[in-house]
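> In order, the protein sequences belong to chains G and B.
Once you know that position 125 of the first sequence is 125 in my numbering, the rest is easy, because the numbers rise by one and skip nothing.
Once you know that position 183 of the second sequence is 183 in my numbering, the rest is easy, because the numbers rise by one and skip nothing.
Keep in mind that the hints are not guaranteed to be accurate.
Here are the simulated lysine to any residue pairs, SDA-like style, with alpha carbons at most 25 angstroms apart [said to hold, decoys possible]:
hint : chain 1 : residue 1 : chain 2 : residue 2
1    : G       : K216      : G       : N197
2    : B       : K136      : G       : G187
3    : G       : K89       : B       : K109
4    : B       : K133      : G       : Q176
5    : G       : K179      : B       : K136
6    : B       : K162      : G       : Q176
7    : B       : K76       : B       : G151
8    : B       : K95       : B       : G151
9    : B       : K109      : B       : A144
10   : B       : K133      : G       : E45
Taking beta-carbon pairs under 7 angstroms as the criterion, some of the chain G residues facing chain B (in silico) [claimed, not checked]:
hint : residue
11   : T73
12   : L79
13   : S81
14   : N102
15   : G104
16   : V148
17   : P151
18   : T205
19   : V210
20   : F213
The hints are simulated quantities; they were obtained by calculation from the structure and are not laboratory data.
From a predicted model like this one, the values you see are computed outputs, not experimental measurements.
Each residue gets a CB set at the ideal place from its N, CA and C atoms; glycine is no exception.
Single-letter residue listing:
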Amino acid sequence: MWFSGSRNGKRGGSGDDAPGRIAFPSRTIPAQNGAMTRTSRGLEEFFGHIHGLSGLTLLDLGGATQQNVSFITDLGHRLYSENFLQILKESTSGEGMADQSNPGLIDYFLRQTLDYPEAHFDGVLIWDVLEYLAPALLTAVVERLHKVVRPGGYMLAFFHADDKLEAVPSYAFRIQDVKNLQVLQHGTRRPMQLFNNRSLERLFTRSDSVKFFLTKDRLREVVIRA
Amino acid sequence: MWNKRREEEPPKPFNPPVTPSVPPAAASAPTPVTTSVEVKKEITPVSSTPVSRFEPANTGNSIGKSVKVVGQIYSKEDLYVDGTVEGTLEASEHKLTIGPHGTIQASIKAREVLVLGTIQGNVEAYERLEIRKDAKLMGDIRTARIVIEDGAYFKGSIDIIKPEPVKAPKQAASAAAPAANQTPASPAPTPTPAPVAENRR
Chain G
1 MWFSGSRNGK RGGSGDDAPG RIAFPSRTIP AQNGAMTRTS RGLEEFFGHI HGLSGLTLLD
61 LGGATQQNVS FITDLGHRLY SENFLQILKE STSGEGMADQ SNPGLIDYFL RQTLDYPEAH
121 FDGVLIWDVL EYLAPALLTA VVERLHKVVR PGGYMLAFFH ADDKLEAVPS YAFRIQDVKN
181 LQVLQHGTRR PMQLFNNRSL ERLFTRSDSV KFFLTKDRLR EVVIRA
Chain B
1 MWNKRREEEP PKPFNPPVTP SVPPAAASAP TPVTTSVEVK KEITPVSSTP VSRFEPANTG
61 NSIGKSVKVV GQIYSKEDLY VDGTVEGTLE ASEHKLTIGP HGTIQASIKA REVLVLGTIQ
121 GNVEAYERLE IRKDAKLMGD IRTARIVIED GAYFKGSIDI IKPEPVKAPK QAASAAAPAA
181 NQTPASPAPT PTPAPVAENR R
């Protein structure tokens, strides 16, 4: 198990109140339409593992965007796309997320989003969607992810590193290249639970390995080897 | 007292959201397709109002938004569909446009597909597929090139197929042969293997 980034509780990033510090130093480049481009060690790690391979089957849970589709298909991979959060919203049908522990909803949601054969995928781009799942649904989703990803396949997930936040920015992640992500914030969203390294280890306890990277915008980038 | 927990309520029965879902069979090729054509109420087939950035082709056929077709459609020219189609839709050498009111529950094959409405089914677009903002596509895609606008909804898989390279016509290849032999008046009766048409020094 590797740990990358600060483990002493200090965090950098735009919200740091230390005077004189510049938020998002040279690594983050403002783009048009409010999006920011930043390096992503997690993304680099993820694509590093599949570098030189083609014809893999990847799943993107963040919904289809032109950049991600083009990037992945240009590498010669087959891409599956699921808009996880939209299906979650439609499944809860406006009742909020309070009923996420309902077994009927869990079953319905899994059939809508992850109804794939076992070991179907070589990799999954989870992004930050797991944060918005209540514990019961989250456990079921992670268990299903382990089934649909082949052993030795990789998953990339993001979790906010702050542990006292009421609402966190919700992002759309667009791949620019193997190590740069365009991050577009579209509002805030209340996570159902917050994670630290230990809780993430427990969550992915079935995995072969879990690797963490702490980014300057307070995200834990987690690369999971199934 | 402090840790008094509420009694856990029994889980409520879950009623999945009612969506205008299609039977899964619609996604695959509907084998025994009924070729009946239901025309519910046809007002003016060309009356479908295009969205601002979309200009429907002046040429080609169109199916208006108040038309429902159940069966197979083969088109030998560009086709604009703003109504409902269930079955199969094929315009192999032409462009197919699904208008903003179009609802397709069919497998689709076309040279080029532009989606502004909703498709539930597999799509094969030999050259290009474009999914515009607010359009929905649920199905597997095979295409040479794909464009997805922000705000479009897509669920399924994407396979990029490489377009077959355009083969040089045989006549052009055989035309190079006599030029090399300096016998323009005697065309070769059979297409011999074409010599390399490059100048070697």
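> Hint by hint, say whether it matches the structure.
Going through the hints against the structure:
1. K216(G) <-> N197(G): holds, 16 angstroms
2. K136(B) <-> G187(G): holds, 23 angstroms
3. K89(G) <-> K109(B): Answer violated: K89(G) to K109(B) is near 32 angstroms, above 25 angstroms.
4. K133(B) <-> Q176(G): At roughly 21 angstroms apart (the allowed maximum being 25 angstroms), Q176(G) and K133(B) satisfy the hint.
5. K179(G) <-> K136(B): violated, 30 angstroms
6. K162(B) <-> Q176(G): With a Cα-Cα distance of about 23 angstroms, the restraint between K162(B) and Q176(G) holds, given a limit of 25 angstroms.
7. K76(B) <-> G151(B): Cα-Cα ~32 angstroms, so violated.
8. K95(B) <-> G151(B): At roughly 23 angstroms apart (the allowed maximum being 25 angstroms), G151(B) and K95(B) satisfy the hint.
9. K109(B) <-> A144(B): Judged against 25 angstroms, a Cα distance of about 13 angstroms means the pair holds.
10. K133(B) <-> E45(G): violated, 32 angstroms
11. T73: holds, 4 angstroms
12. L79: Hint holds; L79(G) Cβ to chain B Cβ min 5 angstroms, cut 7 angstroms.
13. S81: holds, 5 angstroms
14. N102: holds, 5 angstroms
15. G104: Result: holds, 2 angstroms to nearest chain B Cβ.
16. V148: Constraint on V148(G) not satisfied, violated at 13 angstroms.
17. P151: Violated. Min distance 21 angstroms.
18. T205: violated, 25 angstroms
19. V210: Hint violated; V210(G) Cβ to chain B Cβ min 27 angstroms, cut 7 angstroms.
20. F213: violated, 27 angstroms
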